[in-house]
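Here the protein sequences line up with chains A and B, keeping their order.
Counting from 116, one number per residue, gives the positions in the first sequence under the numbering used here.
Counting from 18, one number per residue, gives the positions in the second sequence under the numbering used here.
Please keep in mind that the hints were generated in silico from the structure rather than gathered at the bench.
From a predicted model like this one, the values you see are computed outputs, not experimental measurements.
Hints may be right or wrong, so weigh each one.
As the list claims (entries may be wrong) - Straight-line Cα separation of at most 27 Å, DSS-like style, residue types lysine-lysine; simulated pairs: (1) Lys-172(B) / Lys-225(A); (2) Lys-318(B) / Lys-260(B); (3) Lys-225(A) / Lys-165(B); (4) Lys-150(B) / Lys-138(A).
Stated by the list, open to error - Every beta carbon over 12 Å from chain B, so not counted as near; a handful from chain A, in silico: (5) Gly-139; (6) Asn-143; (7) Ala-244.
Glycine included, C-beta positions come from ideal geometry on N, C-alpha and C.
Take a look at the letters that make up each chain.
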Amino acid sequence: MSHAAKRENILFRLIGWIERVIKGALFNFDECGQCILKDNGFVCPMGCPKNLRNGPCGGVRQNGHCEVYPDMTCVWYAGITSTERRQYLMDDRVPRWWMKTGLFLRSQDKIQPPVDWRMHGTSSWVNHAIKRNDQFLFLEGKEGLEAYAWHMENEEVD
Amino acid sequence: MSGQNGQPPEPPSGPFSHLQKVLEGGTFAVAAELGPPKSADRSVIERKADMLGGWADAINVTDNQTAASRMSSMAACSILVDKGIDAVFQITARDRNRLAIQNDVMGASALGIRNVLCLTGDDVSLGNHPDAKRVHDLGSIEMVQAVKRMRDDGKFISNDDLTGEGPQMFIGAASNPFAPPHDFRPVRLAKKVRAGAQFIQTQCVFDLERFKAFMADVREMGLHEQVHIMPGIMPVKKPGIMKFMAKNVPGMMIPDELITRMDSAADPEEEGVQIAVETIETLREIEGVHGVHIMAFMWEKIVPEIVQRANLREETVT
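From just these sequences and the hints, can you work out the full model?
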């Protein structure tokens with residue numbers, strides 16, 4: 116158990132245990148504490164040996180297996196090629212020309228921020244609920260602009 | 018470094034480097050690759066730089082290529098800059114956490130290095146230290162975003178402010194059209210472009226059909242107008258090397274007819290050069306391809322011949 120998890124109160128730790136049991140059974144779960152399963156078509160990117168949260172690296176083998184572990188299917192390849200998962204990860208219903216406008220972000224177009232390692236080992240359900248992972252640095256589109264404006268207003272100008 | 022009235026400061030305008038000037042000027046650019054030695058021998062870099070310098074617009078210096086420990090990429094780039102050559106500093110996320118990435122980029126800029134290529138990096142299991150801990154604190158996309166943020170907004174990843182000018186660099190990233198899932202590759206490229214990548218260097222092109230399909234997707238998404246794509250070219254010396262790459266290098270596609278062509282050639286070296294030249298000629302015709310990146314791994318001396326035979330340069334640049 117990570118140090119971050121040891122500092123949690125008993126209720127949060129309990130929720131963390133439940134989350135760990137459920138996600139551990141279903142996904143390639145690594146307790147990053149900032150779960151993006153719903154954006155990623157229920158592919159846990161922490162199962163990738165390179166922890167890539169923004170899509171597969173260029174080392175995927177021609178049979179879809181991982182560069183690092185030749186016996187393992189690339190977590191991203193598994194998500195993108197499976198029909199059930201693909202509908203969450205690759206929103207094919209949105210026409211490609213929408214992208215050019217830059218106004219509409221499909222889930223596969225979201226740039227995921229770097230992992231905040233302070234939350235590693237804690238429950239992402241708790242973190243979502245108490246807004247512990249309220250990072251705005253890398254948010255995009257309208258959301259990002261609003262957050263940036265808020266930051267500029269509230270920052271002390273020297 | 019917040020600007021006046023709480024507005025973000027004006028991003029520094031380019032061009033930052035010679036490579037950027039060439040690409041934005043619409044000339045077909047040539048980048049060559051230089052692998053630093055597994056030693057502290059400065060003369061190796063100088064010798065290779067003399068060999069390549071006049072024939073390329075920029076020289077890429079690999080960062081612990083194939084995950085084998087080598088001389089620092091930044092140091093080698095600095096030697097090139099001292100010789101008046103435009104260097105592309107390749108930086109991998111495999112060996113550095115976010116603090117080290119930001120400090121290396123700032124250091125490189127201070128040394129006069131004006132291009133950076135952000136990479137995830139080959140895995141440590143392929144190199145000479147398979148027992149090493151892999152870092153991967155950031156991915157390549159997050160790295161591109163971090164460099165752009167330092168340069169244009171004067172902020173670190175953590176939102177802390179830089180106290181002076183950010184790295185003055187032309188930002189690049191890589192793309193591999195040949196690794197599956199093929200339909201996700203343009204999507205990932207689009208992410209890199211939105212993160213701030215200004216030029217893209219790809220994995221070595223052998224399978225032209227696959228590359229053309231990738232470029233068609235890229236054009237459909239309008240990315241060819243937002244980023245300069247420089248496909249990779251690798252001249253191959255021996256048929257054995259090509260077979261080894263086809264079988265063992267992940268994310269590489271080599272058509273069987275090229276392997277038979279190399280096998281049946283009387284002079285494999287000449288055939289390898291001929292394949293590279295023909296590939297460059299075909300790539301030049303594709304809309305959206307703005308240059309090539311020649312990766313003559315362990316065979317740097319062949320680059321001038323390829324550049325001449327593909328009619329990329331009539332005489333030396335400098």
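Exercise for review: Decide if the proposed pair is consistent with the structure: Lys-318(B) and Lys-260(B), CA atoms, cutoff 27 Å inclusive.
Suggested key: 22 Å, holds
Review point. Minimum Cβ separation between Asn-143(A) and chain B greater than 12 Å?
Key: For Asn-143(A), whose nearest Cβ neighbour in chain B is about 15 Å away, the distance exceeds 12 Å, so it holds.
**Study point:** Pair hint outcome, Lys-225(A) versus Lys-165(B) [Cα-Cα no greater than 27 Å]
**Key:** Satisfied, since the Cα-Cα distance of roughly 17 Å is no more than 27 Å.
Point to revise | Non-interface label on Gly-139(A), tested against every C-beta of chain B at 12 Å | key: 22 Å, holds
Check your understanding: Has the given pair, Lys-172(B) with Lys-225(A), been kept, meaning a C-alpha gap of at most 27 Å?
Key -> Holds, at roughly 21 Å.
**Study point:** Minimum Cβ distance from Ala-244(A) to chain B greater than 12 Å, as the annotation requires
**Key:** 24 Å, holds
Check your understanding: Within 27 Å, alpha carbon to alpha carbon, are Lys-150(B) and Lys-138(A)?
Key -> 26 Å, holds
Checked against the numbered hints given earlier, this structure breaks none of them.
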